Amino acid sequence: DAGVTQSPTHLIKTRGQQVTLRCSPISGHKSVSWYQQVLGQGPQFIFQYYEKEERGRGNFPDRFSARQFPNYSSELNVNALLLGDSALYLCASSLGTYTEAFFGQGTRLTVV
Amino acid sequence: GESVGLHLPTLSVQEGDNSIINCAYSNSASDYFIWYKQESGKGPQFIIDIRSNMDKRQGQRVTVLLNKTVKHLSLQIAATQPGDSAVYFCAEDTLGGGFKTIFGAGTRLFVKA
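These protein sequence lines map, in sequence, to chains A and B. Here the numbering used here is used: position 67 in the first sequence is 67, and no number is missing along the way. Here the numbering used here is used: position 24 in the second sequence is 24, and no number is missing along the way.
Think of the hints as simulated: they come from the structure by calculation, not from any bench. Computed from a predicted structure; not experimentally measured. You may find that some hints are simply not true.
Unchecked claim - Pulled a few chain A residues facing chain B out of the computed Cβ check, cut under 7 Å:
1) V19
2) G42
3) P43
4) Q48
5) E53
6) R55
7) F60
8) P61
9) F64
10) F69
11) S73
12) A87
13) G96
Claimed, not checked - Covered, in the sense of this in silico footprint (three residues per stretch, anywhere, with C-beta under 8 Å from a C-beta of chain A), are these stretches of chain B:
14) 9-20
15) 38-44
16) 61-74
17) 87-98
Glycine residues also receive a C-beta, built at the ideal position from the N, C-alpha and C atoms.
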């Protein structure tokens, strides 16, 4: 069975640009969460979606947005990129709340 | 703000010894706690979880202890192996004010052969 897949694996963007990151959850998982991980730190929670509804949001500016599609895949959008947005963006899927979460390999975003 | 923290940033143990990684949390409303292992270049991997109505849970070679009185979480790894070398994160889930998962900063575990 395929695990959580994220695309792209790496990308480089210029300050001010917009980026869309994609996540495909494990088949049957209805919950998707997004995290930002800066080198040397723990993942920081950005969003959680369940059944296409936003269930939680972390302390990130409105430049960050996300959505979940009917097939439970998800996209994370970041507008007006800043140098500080450079990080590893992780997606995790699970059956629901308080159940084991499975992480993808992440998307390494570099803003120059 | 609410946070999950770790007492030790690095831990070095001899192969075969037991390892104990500690974590302090500050949100008394958190309902669910998880330990993750992250190897270089990979996403975090679930190790074990525990709900707030429990104080101990055992898995294969791992045990998680939860002390709600002092808001402390620990991960015990028995007979530590070189493959256990990684960064370990504790995390807490809370529903207060919307769902959130809060990760700690991480502890790097080195296993000496």
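Structure-based check of each hint:
no.	hint	verdict
1	V19	violated (19 Å)
2	G42	holds (4 Å)
3	P43	holds (5 Å)
4	Q48	holds (5 Å)
5	E53	violated (11 Å)
6	R55	holds (5 Å)
7	F60	violated (12 Å)
8	P61	violated (16 Å)
9	F64	violated (15 Å)
10	F69	violated (19 Å)
11	S73	violated (17 Å)
12	A87	violated (13 Å)
13	G96	violated (11 Å)
14	9-20	violated (count 0)
15	38-44	holds (count 4)
16	61-74	violated (count 0)
17	87-98	holds (count 5)
When each numbered hint is compared with the structure, violations occur for hints 1, 5, 7, 8, 9, 10, 11, 12, 13, 14, 16.
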